[in-house]
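Enquirer: Sequence:
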Amino acid sequence: MARKLIVACGSGVATSTTVAEKIKSKLEADNIDYPVEAVDYKSILQELPSASIYVYIAKPDDEVLQAAEKLGISVYAGVPFLTGIGVDEIYEGIVNDTRK
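For the sequence shown, full-length UniProt numbering begins at 1 and goes up steadily by one.
Think of the hints as simulated: they come from the structure by calculation, not from any bench.
It is possible that part of the hints are untrue.
Said to hold, decoys possible - Heads up, simulated BS3-like pairs for lysine-lysine below, C-alpha to C-alpha not over 27 Å straight-line: (1) 59 to 100; (2) 24 to 59; (3) 4 to 59; (4) 26 to 4; (5) 70 to 24; (6) 24 to 100; (7) 22 to 42; (8) 100 to 4; (9) 22 to 4; (10) 4 to 24; (11) 70 to 4; (12) 59 to 70; (13) 26 to 100; (14) 100 to 70; (15) 59 to 26; (16) 59 to 22; (17) 42 to 59; (18) 22 to 100; (19) 42 to 24; (20) 42 to 4; (21) 70 to 42.
As the list claims (entries may be wrong) - Here are the simulated distance ranges between beta carbons: (22) 66 to 31: 30 to 40 Å; (23) 92 to 3: 25 to 35 Å; (24) 61 to 31: 13 to 23 Å; (25) 97 to 66: 11 to 21 Å; (26) 70 to 93: 28 to 38 Å; (27) 63 to 30: 12 to 22 Å; (28) 99 to 77: 25 to 35 Å; (29) 17 to 45: 16 to 26 Å; (30) 66 to 29: 27 to 37 Å; (31) 40 to 66: 16 to 26 Å; (32) 93 to 33: 17 to 27 Å; (33) 97 to 21: 14 to 24 Å.
Backbone N, C-alpha and C define an ideal beta-carbon position, used for all residues, glycine too.
Whenever a hint applies, use it, and build me the whole structure from the sequences.
Expert: Listed below in structure tokens is the structure:
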């Protein structure tokens, strides 16, 4: 299985890049070497097979969630990385998934 964390927002530019950078620097601070990539939501179904962790900004539609589940990909909300509320709990889950 591919080992990569993807972050997707509507355009794949501003928000997802910000969240991807925050996750990347937290992982680096914890000495966890794990690829993190910001992607465009429009291409999410093509990106999922190459990922093991998916962090979303806007709630993904059912088709995307079902595809992630079928592929065994862990899915997390990314908004806490912007607001700072609830971020520790989500980050802890991501860290656990990087060790799988």
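Enquirer: Against this structure, judge whether each hint is valid.
Expert: Hint check:
{"no.": "1", "hint": "59 to 100", "verdict": "25 Å, holds"}
{"no.": "2", "hint": "24 to 59", "verdict": "21 Å, holds"}
{"no.": "3", "hint": "4 to 59", "verdict": "20 Å, holds"}
{"no.": "4", "hint": "26 to 4", "verdict": "15 Å, holds"}
{"no.": "5", "hint": "70 to 24", "verdict": "26 Å, holds"}
{"no.": "6", "hint": "24 to 100", "verdict": "18 Å, holds"}
{"no.": "7", "hint": "22 to 42", "verdict": "22 Å, holds"}
{"no.": "8", "hint": "100 to 4", "verdict": "12 Å, holds"}
{"no.": "9", "hint": "22 to 4", "verdict": "15 Å, holds"}
{"no.": "10", "hint": "4 to 24", "verdict": "11 Å, holds"}
{"no.": "11", "hint": "70 to 4", "verdict": "17 Å, holds"}
{"no.": "12", "hint": "59 to 70", "verdict": "18 Å, holds"}
{"no.": "13", "hint": "26 to 100", "verdict": "18 Å, holds"}
{"no.": "14", "hint": "100 to 70", "verdict": "17 Å, holds"}
{"no.": "15", "hint": "59 to 26", "verdict": "23 Å, holds"}
{"no.": "16", "hint": "59 to 22", "verdict": "19 Å, holds"}
{"no.": "17", "hint": "42 to 59", "verdict": "13 Å, holds"}
{"no.": "18", "hint": "22 to 100", "verdict": "21 Å, holds"}
{"no.": "19", "hint": "42 to 24", "verdict": "22 Å, holds"}
{"no.": "20", "hint": "42 to 4", "verdict": "18 Å, holds"}
{"no.": "21", "hint": "70 to 42", "verdict": "19 Å, holds"}
{"no.": "22", "hint": "66 to 31: 30 to 40 Å", "verdict": "34 Å, holds"}
{"no.": "23", "hint": "92 to 3: 25 to 35 Å", "verdict": "18 Å, violated"}
{"no.": "24", "hint": "61 to 31: 13 to 23 Å", "verdict": "36 Å, violated"}
{"no.": "25", "hint": "97 to 66: 11 to 21 Å", "verdict": "19 Å, holds"}
{"no.": "26", "hint": "70 to 93: 28 to 38 Å", "verdict": "20 Å, violated"}
{"no.": "27", "hint": "63 to 30: 12 to 22 Å", "verdict": "33 Å, violated"}
{"no.": "28", "hint": "99 to 77: 25 to 35 Å", "verdict": "20 Å, violated"}
{"no.": "29", "hint": "17 to 45: 16 to 26 Å", "verdict": "20 Å, holds"}
{"no.": "30", "hint": "66 to 29: 27 to 37 Å", "verdict": "34 Å, holds"}
{"no.": "31", "hint": "40 to 66: 16 to 26 Å", "verdict": "20 Å, holds"}
{"no.": "32", "hint": "93 to 33: 17 to 27 Å", "verdict": "18 Å, holds"}
{"no.": "33", "hint": "97 to 21: 14 to 24 Å", "verdict": "19 Å, holds"}
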